Every structure is written in C-alpha cells, then in structure tokens.
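What follows is the residue order along each chain.
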Amino acid sequence: KQEVTQIPAALSVPEGENLVLNCSFTDSAIYNLQWFRQDPGKGLTSLLLIQSSQREQTSGRLNASLDKSSGRSTLYIAASQPGDSATYLCAVSNDYKLSFGAGTTVTVRA
Amino acid sequence: NAGVTQTPKFRVLKTGQSMTLLCAQDMNHEYMYWYRQDPGMGLRLIHYSVGEGTTAKGEVPDGYNVSRLKKQNFLLGLESAAPSQTSVYFCASTFDRVYGYTFGSGTRLTVV
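Line order of the protein sequences matches chains A and B.
Residue 1 is where the first sequence starts when you use my numbering, and the numbers rise one by one after that.
Residue 1 is where the second sequence starts when you use my numbering, and the numbers rise one by one after that.
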C-alpha cells in the first residue's frame with residue numbers, strides 16, 4: 001500500500017522568505033506526482049504535475065522536484081507572499097488511484 | 001467552464017436517511033473517483049471507476065455505493081447515513097493514469 005508523508009505538518013514564515021515543502025512516498029512505481037493547493041473550506045487546485053520520467057517542473061514562483069528512486073519530492077515556493085497561505089497537498093498516482101499526504105499548512109506573515 | 005461539478009454543495013441529513021451525491025465531468029475522462037476528507041485523516045479513496053459501467057472499492061467503501069451508468073456521471077449513494085459519514089466529499093476525474101487529476105469543489109455533508 002502506498003504511504004505518502006508530508007513534512008512539516010505546518011510552517012509559518014515571514015513574507016519574502018522561500019518555502020520548502022517535502023513529500024515522501026513508499027512505492028516508487030508511480031505514474032506521476034501532483035502538488036495541490038487547498039484554501040480553507042475550498043476544493044483542490046492543481047499546482048504542478050511531474051511525470052515519473054521527469055526530474056522537475058516549474059510554474060512561475062513554484063518549482064517541484066522528483067527523485068523517484070528515493071521516493072521524494074520537494075515543492076519550492078520562491079519569495080513567499082501572504083496569498084500563498086494555504087494547505088499544500090502532495091499526491092502520487094499508481095495503480096488506478098491517487099494517494100495523498102496529510103498536507104503542509106503554510107502561513108505567510110505580512 | 002469545463003471541469004468537475006458536484007451536486008449538492010452542502011447537505012444535512014438525519015441518521016438513517018439516504019441520499020445521492022452527483023459528480024459530473026465534461027472532459028470525456030475515463031477515470032472517476034470519490035474521496036472523503038476528514039481533519040487529521042487526509043483524503044481517503046471511497047470508490048472509483050475506470051470506465052462507463054465499472055466500479056471498484058477504494059480504502060473506505062463501507063456504507064457507500066456507487067454507479068457509473070453514463071461516462072460523464074459518477075454517483076455516490078449513502079443508503080443509511082451515520083454520523084461517522086459526516087465529512088467533505090470530493091469527486092475527481094482523469095483521462096488516464098499518466099495525466100493529472102481534476103477535482104470538484106466538494107460536498108459538505110453533516111449527519112446528525
């Protein structure tokens with residue numbers, strides 16, 4: 001069974017600081033890994049999708065890396081802003097389903 | 001806009017009542033999923049479908065039934081609601097396992 005772990009569970013940083021969110025998974029036979037953002041009381045918004053053959057993916061201030069062999073992914077958010085405050089979820093796709101970590105809740109202080 | 005639409009957005013049920021949650025997608029996706037999200041538990045897979053007419057159990061299927069009679073719709077049924085089924089329910093879909101998943105905005109269900 002795929003187990004996905006996200007560390008830390010919560011993070012509070014001052015505005016402008018770079019964010020580093022970690023995700024690890026136990027079964028490396030994945031199709032892809034997806035990072036989502038979830039605002040309180042809202043749905044999941046996809047941020048980045050990394051295929052199993054890729055090492056990283058970038059979108060604006062966001063960069064995600066994937067090391068499939070070691071079962072790790074890292075999401076970097078550069079120059080954080082108060083609007084980045086949310087819960088970030090990591091999810092890996094294998095078999096026919098997506099397995100989620102519990103998330104990292106980020107607070108960016110103005 | 002194209003996407004995944006969940007109906008209803010909010011519902012309060014009494015213990016023992018039944019209801020059906022509807023998920024509709026207009027992206028011609030083959031795969032559809034129902035997840036529940038509970039504080040401290042993350043998202044857990046209830047049931048999923050790999051194509052029209054198919055369904056399969058996920059991690060927490062007890063107390064739920066599903067149907068996929070049309071490719072674009074995936075229904076989640078609660079035959080006899082229990083307080084333990086109070087949760088936020090999310091529907092998701094994807095074209096294929098190598099593609100990203102698209103999620104609906106969720107249904108908040110409270111069973112009293």
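Rather than coming from a laboratory, the hints here were simulated on the basis of the structure.
For clarity, every value in this text was computed on a predicted model and none was experimentally measured.
For each residue, glycine too, the CB sits at the ideal point set by N, CA and C.
Don't take every hint at face value.
Unchecked claim - Label-pair ranges, simulated between beta-carbon atoms: (1) THR26(A) to GLU79(B): 30 to 38 Å; (2) PRO39(B) to GLY83(A): 41 to 49 Å; (3) LYS70(B) to TYR76(A): 25 to 33 Å; (4) GLY53(B) to GLU15(A): 48 to 56 Å.
Unchecked claim - Computed list of lysine-lysine pairs in DSSO-like fashion (alpha-carbon distance at most 30 Å, straight line): (5) LYS9(B) to LYS42(A); (6) LYS71(B) to LYS9(B); (7) LYS1(A) to LYS57(B); (8) LYS14(B) to LYS42(A); (9) LYS9(B) to LYS70(B); (10) LYS68(A) to LYS1(A); (11) LYS1(A) to LYS14(B); (12) LYS71(B) to LYS57(B); (13) LYS9(B) to LYS57(B); (14) LYS70(B) to LYS57(B); (15) LYS57(B) to LYS68(A); (16) LYS14(B) to LYS57(B); (17) LYS1(A) to LYS42(A); (18) LYS1(A) to LYS71(B); (19) LYS68(A) to LYS70(B); (20) LYS68(A) to LYS9(B).
Going down the list of hints, with the structure as the test:
1. THR26(A) to GLU79(B): 30 to 38 Å: Because 34 Å falls inside the window, the suggested range holds.
2. PRO39(B) to GLY83(A): 41 to 49 Å: Once the Cβ atoms are compared, 24 Å apart, the range 41 to 49 Å for GLY83(A) and PRO39(B) is violated.
3. LYS70(B) to TYR76(A): 25 to 33 Å: violated, 41 Å
4. GLY53(B) to GLU15(A): 48 to 56 Å: holds, 51 Å
5. LYS9(B) to LYS42(A): Roughly 11 Å separates the two Cα atoms, so the pair holds.
6. LYS71(B) to LYS9(B): holds, 22 Å
7. LYS1(A) to LYS57(B): Roughly 14 Å separates the two Cα atoms, so the pair holds.
8. LYS14(B) to LYS42(A): holds, 24 Å
9. LYS9(B) to LYS70(B): Holds, at about 21 Å.
10. LYS68(A) to LYS1(A): Within the cut-off at roughly 16 Å; holds.
11. LYS1(A) to LYS14(B): violated, 35 Å
12. LYS71(B) to LYS57(B): holds, 18 Å
13. LYS9(B) to LYS57(B): With a Cα-Cα distance of about 24 Å, the restraint between LYS9(B) and LYS57(B) holds, given a limit of 30 Å.
14. LYS70(B) to LYS57(B): Given pair LYS70(B), LYS57(B) holds - Cα atoms ~18 Å apart, limit 30 Å.
15. LYS57(B) to LYS68(A): holds, 27 Å
16. LYS14(B) to LYS57(B): holds, 25 Å
17. LYS1(A) to LYS42(A): Given that 30 Å is the threshold and the Cα spacing comes to 28 Å, the pair holds.
18. LYS1(A) to LYS71(B): Cα-Cα ~28 Å, so holds.
19. LYS68(A) to LYS70(B): Violated. LYS68(A) to LYS70(B) sits at ~36 Å, over the 30 Å cutoff.
20. LYS68(A) to LYS9(B): Violated, because 37 Å separates the two Cα atoms, which is more than 30 Å.
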